[in-house]
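Chemist: Chain residues, written in single-letter form:
Protein chains: 2
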Amino acid sequence: MRIDFNNMLDTAVGEHGITMAEVEAEAAKVPAVHAAMTAKKDEMAWRALPYNQDAIARDITDKGNWINDHFQNFVVLGIGGSALGSKALFTGTKHLRYNELKRAERAGCRFYVVDNVDPDGIQALFDIIDPAETCFHVISKSGNTVETMSQFMIVLHMLKETIGDDFMRNIVLTTDKETGILRNIANAYNMTPYVVPDGVGGRFSVLSPVGLVSAAVLGLDIQMLFEGARKADEKCTKSDLYENPAYMYAMLQTIAMHKGCNISVMMPYADGLANTAEWYAQLWAESLGKQYDLSGEIVHAGQTPVRALGVTDQHSQIQLYTEGPFDKVITFVGVENFDTVMPIPKPPIDVQDASYLEGQTLNKLIASELAATEYAVTQAGKMNMMVTLSELGPVELSEFLFFLEMATAAAGEFLGINAFDQPGVEAGKIATFALMGRSGYEEKAKELSSPKAQNDKFIFEL
Amino acid sequence: MRIDFNNMLDTAVGEHGITMAEVEAEAAKVPAVHAAMTAKKDEMAWRALPYNQDAIARDITDKGNWINDHFQNFVVLGIGGSALGSKALFTGTKHLRYNELKRAERAGCRFYVVDNVDPDGIQALFDIIDPAETCFHVISKSGNTVETMSQFMIVLHMLKETIGDDFMRNIVLTTDKETGILRNIANAYNMTPYVVPDGVGGRFSVLSPVGLVSAAVLGLDIQMLFEGARKADEKCTKSDLYENPAYMYAMLQTIAMHKGCNISVMMPYADGLANTAEWYAQLWAESLGKQYDLSGEIVHAGQTPVRALGVTDQHSQIQLYTEGPFDKVITFVGVENFDTVMPIPKPPIDVQDASYLEGQTLNKLIASELAATEYAVTQAGKMNMMVTLSELGPVELSEFLFFLEMATAAAGEFLGINAFDQPGVEAGKIATFALMGRSGYEEKAKELSSPKAQNDKFIFEL
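Chains A and B supply the protein sequences, listed in that same order. Taking numbering that gives the first Met the number 0, I'd label the letters of the first sequence as residues 0 to 461. Taking numbering that gives the first Met the number 0, I'd label the letters of the second sequence as residues 0 to 461.
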């Protein structure tokens, strides 16, 4: 992996770039950031995941093989951090039409992540899979996630109807080590769930059983995921800004935020990395979007992540990125070696002015478009950086994910906020409980049902 | 369709909302906006598409039937506006696991949109389809789009190899009526391509043959698409702000932009509308992201669209939306009636504290979560609006798309910019040509290959 930050600087993008004086001013915080990152290392239990899971990795690998031996489909029931890591690993390392391949061409089960409660979406899945032949991995750290519990209840009922009393055979659970509904169910039914360790929040859980069970079912070598993360960790624990890419990323983004860049675009040039951009969007948004700083001051911090895909979104977003406001940082992600080399052949007809493409490859085209777009946004004075992965595989992908986790934690320190909580989602959860009639939420239900003042002139019926 | 703008106002969200004084000031522009929208109606040829295509709709419907009778797969080769409308129609109206259904359960062909040049992505498609059994719809208004031409060349070569000289039988073309490579090829091979009419830019082309051929292959009634668009058009041509939802949307977004909201989130609560949010992202970004206004002043206009999905992104983005900066407008999109009613049954085990969900439905859950999230972001003082579609079908979806087109055009007038060009993508296109060795671009190639000044301290190898 290679990261080039040069296009964040005024030397590359001109007046809207970061000056060396700004770098030096913010770099003064690095010792304090590094001290905090070091002191809080144990609290950030996700940092130990690449090192302390050898036994669990063996167990999960066996489990993955067992699942592939006994089922046709594997379905993750989870949402947010319980889903996004699996999705990133899936499309980032496997065939891009995996579920449409024949069984012999796959590592095992068809692979689905169900991270919504859209009735049509759930029904659509059940229209194409036989529950009896499906293993469901139910993931909720709290064990109380309303979406996942609803899915779980539907699946349990369906399994009981189709396969009878042995329905728990089709269920794998991952939850907290002690508390929550899922843990209680596991205790009651004598199941041994996988554990999301304390200190591993959903968005930092990809290398815990939350993501590893998926990896095993997909036939990935879990040790290679650890290896990639360790490679990133080695660099991202250095004290020196110029040796630590996570600190550099965090620092430059922090300066950019202070200069008015409230948008962080991640734009990979690879279909398989679209879900990695989704994963980053949760990581960056939930970690840094905070009302209060650590001293209790109201700051309304946060940079809005935007998920783009090259080259596709050149024909959707690049007009805005080049000509629009100076309000964003673009992180391009390129891949040096795709699995496929795809020639552009001389076709059986005369393609006239397009004949310059004959004999070239899509590989050269996508690389050229990435370079061309980097050039165009840089010329337009927009800050950007370039991450280059040598290939799409478990080592490189995991390295990239762990780098981003470290960068996010460091950004929390630069911003002086708590990157590991999410108090802002409580209000919506409570309102959902109230609207669904959960007991104990009657007062909130009353508040929500009281008519709100509204101006009918601002309501349109078409 | 119903649109409630109340949560844009300070009466709902407090100090960061729009005041009636701000509404009145901006509303003063409405007569001029309306005059311009009326005067430019003929230039905006996309506005006539719901009215002037009866003959072509019949032809395309026949073509769709013929394709479904003769092929197993239908593949759109296009990018940007040539792809996004088809994707929105596909997932917005059809089964959410359409390609995994058996043939008898589908309207016809499996349906794919190939809008990237990722070598692994293209290879993945060819791993699962037989080109001989596949109809390819090649779409490029200019006829010169490098991505689409590359895909086309690969497909032509593959078809010739597999089915011999009759390879053009598997090709449908849509392009300009006179110029470009695709038009020349059509003339040389005696084909009759479908036409993207003048005045119909890619991002406004969903109701032209660009999207209609897909609709026909998907078994949609094209007249229902026209009907929906006409319903929107009827309201969106009114002169009065309080009768015209497109003007209201455009005006409130314009005021929000002036108040520092440089982000426009579209967050539908329906899996099928995720691609509609993608479609909107192109429409809004490319139309309004402009360096110059109509008088030639540098303005760097534009609001960055963010594509979110409810409820999924509640567990990814809502922490930021509630606690983060006051820098965005959220357009929620709800669906009143899904095709499926999905009960949450009493499962065969005791789910303890989750038992309040028993006997309810996912439909109630997703509606409650939407209401709860609207409540939470409104309480947090963040501007938002609520679009409600009665169902997901061709009429409602087309009505929504056409409303958004009219709103975008009107926003161009409020901002005083040209919403219909995209000069900012030229630099990247030219650089791509140069890097791919197209003749005539040698000077640019030389410029691009000259070493750039860079500081090695800002480059990291991991």
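Hints may be right or wrong, so weigh each one.
Identical copies carry no separate label here, and so any pair may be met within one copy or between two of them.
Think about it this way: if two alpha-carbon atoms lie no more than 25 Å apart in a straight line, the pair counts; the simulated DSS-like pairs of lysine-lysine are [to be verified]:
(1) 28 x 93
(2) 62 x 345
(3) 230 x 456
(4) 93 x 363
(5) 237 x 176
(6) 159 x 345
Bear in mind the hints are in silico, worked out from the structure with no lab data behind them.
Chemist: Would you mind marking each hint as holding or not holding in the structure?
Modeler: Do the hints match the structure? See the list:
1. 28 x 93: So residue 28 and residue 93 fail the 25 Å test inside a copy (41 Å) and across (53 Å) alike.
2. 62 x 345: neither (48 Å within a copy, 29 Å between copies)
3. 230 x 456: Only across copies: residue 230 and residue 456 sit 20 Å apart there, 59 Å inside one copy, limit 25 Å.
4. 93 x 363: within (22 Å within a copy, 36 Å between copies)
5. 237 x 176: For residue 237 and residue 176, neither the intra-copy (32 Å) nor the inter-copy (61 Å) Cα distance is at most 25 Å.
6. 159 x 345: between (57 Å within a copy, 11 Å between copies)
Going through the hint list in order, the structure does not satisfy hints 1, 2, 5.
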